[in-house]
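Student: Here is what each chain is made of, one letter per residue.
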Amino acid sequence: MTEQRKAVALISGGLDSLLAAKVIQEQGIHVEGINFYTGFCVEGHTHAIRKKDQKKSKRNNALWVAEQLGIKLHIVDIVEEYKDIVFNPKHGYGANLNPCLDCKIFMVSKALEWLRKKDFDFIITGEVIGQRPMSQRKETMPVVSGESGAEDLLLRPLCAKNLPQTLPEHEGWVDRERLYDFSGRSRKPQMALAAKFGFKDYAQPAGGCCFLTDAQYSVKLADLWRARGSKQYEMDDIMLLKVGRHLRPAPHFKVIIAREEGEGNFLQGYRKQFVTIKTISHGGPLALIDGEPTAADIELAARLVARYSQGRDADLVELEVVDREGSSHALKVEPIKPHEIPQEWHI
Amino acid sequence: MSRVTLDARRLLCPMPVIRVQDKIETLTPGTILEAICTDPGVMNDIPAWCRINGHKVIETRSDRAEYTVVIEVGEAE
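So the protein sequences, as listed, match chains A and B.
Per my numbering, the very first residue in the first sequence carries number 1; after that it's consecutive.
Per my numbering, the very first residue in the second sequence carries number 1; after that it's consecutive.
Rather than coming from a laboratory, the hints here were simulated on the basis of the structure.
Just so you know, even glycine gets a beta-carbon here, dropped at the ideal spot from N, CA and C.
It is possible that part of the hints are untrue.
Dumping the calculated DSSO-like pairs for lysine-lysine here, alpha-carbon to alpha-carbon at most 30 Å [as the list claims (entries may be wrong)]:
1) A:K220 with A:K196
2) A:K83 with A:K242
3) A:K220 with B:K56
4) A:K110 with B:K23
5) A:K118 with A:K161
6) A:K200 with B:K56
7) B:K56 with B:K23
8) A:K6 with A:K117
9) B:K23 with A:K242
10) A:K220 with A:K6
11) A:K83 with B:K56
12) B:K23 with A:K118
13) A:K118 with B:K56
14) A:K117 with B:K56
15) A:K188 with A:K220
16) B:K23 with A:K6
17) B:K23 with A:K272
18) A:K332 with B:K23
19) A:K231 with A:K196
20) B:K23 with A:K83
21) B:K56 with A:K72
22) A:K6 with A:K196
23) A:K117 with A:K188
From chain A, some residues computed to sit far from chain B (all C-beta separations above 12 Å) [to be verified]:
24) G14
25) E26
26) R59
27) H91
28) S183
29) K200
30) G262
31) G269
Partial chain B-side listing against chain A, Cβ under 8 Å, derived [said to hold, decoys possible]:
32) L12
33) C13
34) I18
35) K23
36) T28
37) P29
38) G30
39) T31
40) W49
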């Protein structure tokens with residue numbers, strides 16, 4: 001009896017990885033999925049913190065893909081190891097702080113580690129030549145397979161016919177003729193293949209799956225590094241960059257103001273780590289002060305919070321300031337006027 | 001039947017799922033794992049992860065801002 005070969009598929013939750021895994025499954029290969037969590041992954045839940053986005057699906061697309069395929073999914077937390085990729089990408093950043101090529105190399109190398117530990121035979125990705133300007137080009141395909149150490153164990157089923165033969169093809173575990181030759185940015189071939197397999201309601205291919213490709217997010221991350229004097233972050237930092245209105249009146253502190261109730265509830269969870277401000281006399285947002293604020297800084301932050309409260313036009317707004325130890329005091333301030341907020345405070 | 005509680009509060013998905021996954025790796029089949037979370041997304045994600053990985057969700061409940069998923073650990077393959 002022929003030994004059933006096993007492949008581990010990098011599952012991002014997008015259409016390409018869904019199709020790549022399906023194409024290989026169709027050839028009788030046992031496929032399991034692996035999904036890496038970097039901390040920067042764009043997920044419906046992060047958006048769902050905000051009320052306006054709550055109509056959006058809350059599903060995790062990688063899990064949804066695994067269910068469609070009927071495969072196991074192993075989600076791997078690489079938050080700590082990933083920092084080095086973000087801080088020092090050998091191949092540089094893309095348009096924003098996205099180290100896409102280094103990221104792909106790293107993920108394939110982690111998949112290779114997993115493969116060896118679990119005794120699998122090869123790795124699948126949904127890469128397509130020309131699909132992404134930084135990481136998915138003809139020249140970068142061998143860079144990913146080479147620098148990750150995967151070499152010919154890395155099979156890209158959607159564009160394999162445009163690439164040299166890999167071990168699974170050479171050994172006859174998969175039939176090269178039943179692989180594809182997709183290239184370029186057009187999504188039409190993928191959509192046609194999805195229709196052929198009967199996949200509907202897959203994640204729409206737009207904007208990527210990583211916050212580091214987002215210009216606004218990258219600006220906030222760069223600001224954080226500037227304020228700290230070095231490239232560093234913790235998980236809470238990168239979570240908080242996704243939430244609220246961020247204003248930095250001075251290098252040593254910034255104010256994070258919830259834009260709505262959902263964000264307020266989320267920020268509430270950080271009240272023991274930051275000085276918090278909340279309006280008392282009027283309805284208003286919860287805010288955190290990140291940094292080491294002086295009394296004058298806290299008063300300025302309170303004026304900013306008042307500006308974004310229902311008391312924005314009042315003469316005075318009363319707020320409660322709570323320190324990290326839970327001690328609180330009340331403060332009455334005049335809401336800051338819009339023209340008093342320099343544009344550069346907005347991050 | 002032993003019962004274990006996992007505190008996954010303040011974590012955004014998929015971290016609660018990862019914590020559940022990693023915890024289950026250390027538990028024997030039949031153990032009841034109660035995951036307490038604050039991200040409402042867990043009400044979809046943890047059951048989805050359990051379905052594809054052979055574990056059984058026996059209860060989900062929400063109380064104010066907390067969401068609890070109770071899982072019976074399945075047989076390891």
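Student: All the hints need checking, so say for each whether the structure fits it.
Tutor: Results for each hint:
1. About 42 Å separates the Cα atoms of K220 (chain A) and K196 (chain A), which puts this hinted pair outside 30 Å; it is violated.
2. Distance check on the hinted pair: K83 (chain A) and K242 (chain A) sit about 17 Å apart at the alpha-carbon level, within 30 Å; holds.
3. Proposed proximity of K220 (chain A) and K56 (chain B) is contradicted: the alpha carbons are some 41 Å apart, above 30 Å.
4. This hinted pair checks out: K110 (chain A) and K23 (chain B) have alpha carbons roughly 21 Å apart, not beyond 30 Å.
5. A C-alpha spacing of about 28 Å is found between K118 (chain A) and K161 (chain A), which places the hinted pair at or below 30 Å, so the restraint holds.
6. For the suggested pair K200 (chain A) and K56 (chain B), the alpha carbons sit about 27 Å apart, so the restraint of at most 30 Å is met.
7. Proposed proximity of K56 (chain B) and K23 (chain B) is supported: the alpha carbons are some 15 Å apart, at most 30 Å.
8. At most 30 Å may separate the alpha-carbon atoms for a hinted pair to count; K6 (chain A) and K117 (chain A) meet this at roughly 13 Å.
9. The straight-line distance between the Cα atoms of K23 (chain B) and K242 (chain A) is roughly 27 Å, inside the 30 Å bound, and the hint therefore holds.
10. Restraint check for K220 (chain A) and K6 (chain A): not satisfied, since their Cα atoms lie roughly 42 Å apart, outside the 30 Å limit.
11. Among the hinted pairs, K83 (chain A) with K56 (chain B) is inconsistent with the structure: their alpha-carbon atoms are about 35 Å apart, more than 30 Å.
12. Taking the CA atoms of K23 (chain B) and K118 (chain A), the gap is near 19 Å; set against the 30 Å cutoff, the hint holds.
13. Proximity of K118 (chain A) to K56 (chain B) is assessed by CA-CA distance (about 24 Å); at most 30 Å being required, the pair is judged to hold.
14. Distance restraint check for K117 (chain A) and K56 (chain B): the Cα-Cα separation of roughly 27 Å lies within the 30 Å cut-off, and the hinted pair is therefore satisfied.
15. Our distance criterion of 30 Å between C-alpha atoms is broken by K188 (chain A) and K220 (chain A), whose separation comes to about 35 Å.
16. Annotation: proposed proximity of K23 (chain B) to K6 (chain A) holds, straight-line Cα distance about 25 Å (limit 30 Å).
17. Distance restraint check for K23 (chain B) and K272 (chain A): the Cα-Cα separation of roughly 27 Å lies within the 30 Å cut-off, and the hinted pair is therefore satisfied.
18. Annotation: proposed proximity of K332 (chain A) to K23 (chain B) is violated, straight-line Cα distance about 48 Å (limit 30 Å).
19. The hinted pair formed by K231 (chain A) and K196 (chain A) fails the criterion: a straight-line CA distance of about 46 Å is larger than 30 Å.
20. Annotation: proposed proximity of K23 (chain B) to K83 (chain A) holds, straight-line Cα distance about 24 Å (limit 30 Å).
21. A threshold of 30 Å between alpha carbons decides the hint, and for K56 (chain B) with K72 (chain A) the separation of about 15 Å falls inside it, so the pair holds.
22. The hinted pair formed by K6 (chain A) and K196 (chain A) meets the criterion: a straight-line CA distance of about 24 Å does not exceed 30 Å.
23. Only pairs whose Cα atoms come within 30 Å are accepted, and K117 (chain A) paired with K188 (chain A) is rejected, the gap being roughly 37 Å.
24. For G14 (chain A), the condition that its CB be more than 12 Å from all CB atoms of chain B holds, with the nearest at approximately 15 Å.
25. Non-interface status of E26 (chain A) relative to chain B is upheld: no Cβ of that chain comes within 12 Å, the nearest being about 19 Å off.
26. At roughly 6 Å from the closest C-beta of chain B, the C-beta of R59 (chain A) falls inside 12 Å, breaking its exclusion from the interface.
27. Every CB of chain B is more than 12 Å from the CB of H91 (chain A) (nearest about 27 Å), matching its label as outside the interface.
28. Distance check for S183 (chain A) against chain B: the nearest CB is about 31 Å away, which clears 12 Å, and the non-interface claim stands.
29. At the 12 Å boundary, the C-beta of K200 (chain A) stays outside the reach of chain B, the nearest C-beta of that chain being 17 Å off.
30. Residue placement check: G262 (chain A) does not keep its beta carbon more than 12 Å from all beta carbons of chain B (closest about 10 Å).
31. At roughly 4 Å from the closest C-beta of chain B, the C-beta of G269 (chain A) falls inside 12 Å, breaking its exclusion from the interface.
32. At about 6 Å, the closest approach between the beta carbon of L12 (chain B) and any beta carbon in chain A falls short of 8 Å, and the interface hint on this residue holds.
33. Because the closest C-beta pair between C13 (chain B) and chain A is about 4 Å apart, less than 8 Å, the hint holds.
34. Taking 8 Å as the C-beta contact cut-off toward chain A, the hint placing I18 (chain B) at the interface holds, the least distance being around 5 Å.
35. Interface hint at K23 (chain B): violated, since its Cβ lies 13 Å from the closest Cβ of chain A, which is beyond the 8 Å cut-off.
36. Taking 8 Å as the C-beta contact cut-off toward chain A, the hint placing T28 (chain B) at the interface is violated, the least distance being around 19 Å.
37. Because the beta carbon of P29 (chain B) sits about 16 Å from the nearest beta carbon in chain A, more than 8 Å, this interface hint is broken.
38. For the restraint placing G30 (chain B) at the interface with chain A, the shortest Cβ-Cβ distance is roughly 20 Å, beyond the 8 Å limit, so the hint is violated.
39. The beta carbon of T31 (chain B) comes no nearer than 19 Å to any beta carbon in chain A, farther than 8 Å, and the hint placing it at the interface is violated.
40. Among the interface hints, the one on W49 (chain B) holds; its C-beta lies about 6 Å from the nearest C-beta in chain A, closer than the 8 Å criterion.
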